[in-house]
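Visitor: Chains as they are written, first to last, in the working numbering: chain A, 1 to 150; chain B, 1 to 112; chain C, 1 to 501.
Don't take each hint at face value.
[Claimed, not checked] Heads up, incomplete: computed chain A residues facing chain B, CB under 8 Å, no partners named: (1) P39; (2) F109; (3) L111; (4) A138; (5) L139.
Bear in mind the hints are in silico, worked out from the structure with no lab data behind them. Glycine included, every Cβ here is placed at the ideal spot set by N, Cα and C.
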Amino acid sequence: MSKEHDKGMSLIVKTITRLTVGLILLYGIYIVLHGHVSPGGGFAGGVIITLSFIHLMLAFGKGVAFKRMSKNMMSLFESFGALFFLGIAVLGFSGGYFFLNVISKGEPFRLFSAGIIPLCNIAICMKVGAGIFAIFVALVLLDLDTDKKE
Amino acid sequence: MIIYLLSFILFCLGIYCILRKRNIIKIIVGIIITEYAVNLFFILSAYRIEGRAPIYSAEAEILNMVDPLPHALVLTSIVIGLATTALLVAIAMRIYEKYGTFDITQIRELKG
Amino acid sequence: MTLLPHIIPLFVVIPLGAAFLLSLLGKKVRALPDIFGFMTTFSLFVLSLFAVCFVNLSGTYVYSVGSWKPPVGISMVLDGLSAFMLVTVNIVAFLIAVYSTSYMNQYTSKWKFYTLFFLMLAGMNGVIITGDLFNLFVFLEIASVASYALVAFGTEKHELEAAFKYAVMSTVGSLFILFGIVLLYSCTSTLNMADMSRCLEGTCNSNITLMVSVLFIMGFGLKAALVPFHAWLPDAHPSAPAPISAMLSGVLIKSLGVYALCRIFFNVIGLTSMISEIFLFIGVLSMVIGVFLAIGQWDLKRLLAYHSISQIGYVILGIGLGTPLGIFGGLFHLFNHSIFKSLLFLNSGAVEYAAGTRNLQQMGGLGKRMPVTGGTSLVASMSIAGIPPFNGFWSKLVIIMAAVEAGRYGYAFWAVLASLLTLASFMKVMKYAFMGSLHERWKEIKEVPFFMKVSMITLAFICIVGGILCFSAYKDMFLQQATNILLAGKKYAIIAFQEMK
């Protein structure tokens with residue numbers, strides 16, 4: 001058994017997690033990319049993507065999840081997502097209005113359509129995903145710190 | 001009509017919980033209940049009789065659509081609620097660290 | 001002329017962009033937070049002056065975001081009242097940013113402070129500039145959530161307790177506001193404020209309007225800390241770091257509470273005589289109770305916080321009168337209060353920075369060792385107490401004159417009484433803190449750093465010359481425009497819709 005089995009939950013949980021975590025991640029990405037043609041979008045997809053990371057963290061302990069996505073990466077993603085969204089909004093000035101949909105709209109109900117909306121979804125996904133993971137980590141780690149003190 | 005009243009009762013229940021309970025965590029739960037009552041009311045106000053979900057697709061055209069705007073707004077309000085709740089829980093944990101209790105009758109160093 | 005309208009969204013974009021850039025880079029580059037803080041707030045201040053010129057040149061302007069025409073899309077409305085509030089917020093924010101470059105050195109992680117500060121600023125500017133009711137709620141929550149975190153910034157016992165109390169009460173207030181917005185939406189099927197005002201004219205059930213009025217008074221009253229809803233303010237404002245106390249007391253309760261209250265009740269729902277009576281009653285109640293509670297305080301910042309409640313009472317009293325003179329006085333007092341109250345909080349911060357205490361009984365004779373702090377706080381105290389020729393005198397005079405003119409002699413009497421009590425309580429502050437003999441333990445005390453002095457002196461200067469704003473030439477440009485918007489009442493919808501075509 002490798003070292004990563006020392007911490008976290010039982011073997012059953014770990015095996016199931018290993019099977020499902022990729023699927024959850026993929027499903028989240030699907031929801032984000034199809035946000036403009038079907039229900040869902042950046043927020044829901046971002047939450048699902050984050051859930052896959054939280055899933056990893058619950059099953060394997062915090063070490064494994066942090067190897068995939070460190071704290072600095074998280075804050076980087078969060079700020080970058082917000083700046084990306086703001087950048088898209090400011091890009092509208094080139095067309096004459098704030099938040100104007102400057103990119104060509106394409107044909108409805110296709111994946112590559114609706115101008116800036118898919119880009120906005122990706123930006124929101126980055127912001128929300130990193131933000132919720134940060135909240136989770138902050139609350140869990142704060143708890144761990146208090147446990148150590150007592 | 002009755003469902004509007006029920007969501008209003010839920011709202012009052014949440015307010016009661018905030019005002020009456022002494023445990024910090026229960027107060028936070030009260031805030032969450034109140035917020036969800038408002039969100040529920042918002043969603044209900046969008047409903048039309050025999051309405052369908054407002055999802056366009058290439059194949060079928062939906063005739064009797066419910067009002068889609070409140071759905072988008074409720075999503076925003078849920079996100080705001082998430083941020084507020086997370087902040088409140090973080091503050092509550094820090095308070096427990098400093099005071100060693102969740103009872104608000106013992107957390108009252110500021111008065112006057 | 002074609003480019004000028006594009007400054008309207010910049011009031012939200014610039015602080016948001018600065019906040020996120022700081023959270024991205026602030027940890028790595030040490031000097032960046034200070035430079036950013038200075039540059040961003042300064043550019044916002046200049047832009048707000050442009051906004052005033054713009055309103056004077058071409059009147060109300062409705063900016064449609066994403067070129068979606070209202071009432072479908074979100075609109076941003078720049079009119080006299082918005083321009084007035086923008087100047088008030090951004091001038092205070094600029095001077096506070098200058099002040100915090102030195103003051104915040106005693107805390108760790110300055111970039112976190114500036115990030116939250118900019119988020120709060122973006123929220124406040126957004127509340128002022130938006131023309132859409134739900135958008136107003138979103139910006140209001142951005143500003144509120146940032147301010148909860150800023151109150152808890154020190155993460156000590158008292159800060160956390162105050163922040164929790166503030167967060168719970170303010171969240172309940174927000175929920176009342178949201179409930180009111182939902183009711184209005186279900187009644188009018190629109191969220192654009194101008195359109196909503198038009199729809200409310202005939203079709204709407206008057207019971208719903210009544211319910212919405214009650215909810216909004218509770219919600220925005222909680223945000224503005226009017227008296228039955230004031231319990232969080234005396235805890236929250238003193239617990240925050242001094243620049244944030246100045247920001248909260250100076251502009252946050254005004255832009256989130258008073259401005260939103262005025263905008264909705266004057267321009268959307270329409271001011272009935274009953275609402276006007278409620279405003280007058282609540283205003284006088286906050287004025288008197290705030291000042292009575294303030295007199296007994298020995299904690300300097302807590303005393304100032306109670307005075308904030310009292311002075312907001314003046315603003316609400318003036319605006320609630322509904323006469324041209326009353327509204328003018330109320331708005332004028334709003335501007336003046338944001339100047340002198342932020343100055344007083346910055347003074348208390350300077351005393352805390354130098355002496356490390358907020359207790360008035362331990363101070364004494366600080367004026368000799370800290371002449372700038374002592375002098376500026378003397379100016380601010382005289383200003384808040386309403387002594388001529390400082391700006392507070394003129395606005396209080398106008399409010400009292402308006403009350404007499406409207407035949408409300410009782411309210412005028414209470415306003416005079418509250419002013420006298422304010423004077424008494426600030427004489428106490430000056431006597432215990434800055435006058436008298438110097439305590440042994442303060443022999444080594446030093447004056448605060450350069451940047452803190454600069455911002456305090458500038459605010460004191462505005463206190464002295466602020467009185468000229470009520471004389472004709474400046475009045476027409478700045479305050480009269482804002483008063484006209486409130487006086488127009490429900491005609492606001494017509495003005496806004498004309499502008500769209």
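Visitor: A separate judgement is required for each hint: does it hold in the structure or not?
Guide: Verification of the supplied hints:
{"no.": "1", "hint": "P39", "result": "6 Å, holds"}
{"no.": "2", "hint": "F109", "result": "4 Å, holds"}
{"no.": "3", "hint": "L111", "result": "13 Å, violated"}
{"no.": "4", "hint": "A138", "result": "7 Å, holds"}
{"no.": "5", "hint": "L139", "result": "6 Å, holds"}
Hint 3 from the earlier list is the only one contradicted by this structure; the remaining hints agree with it.
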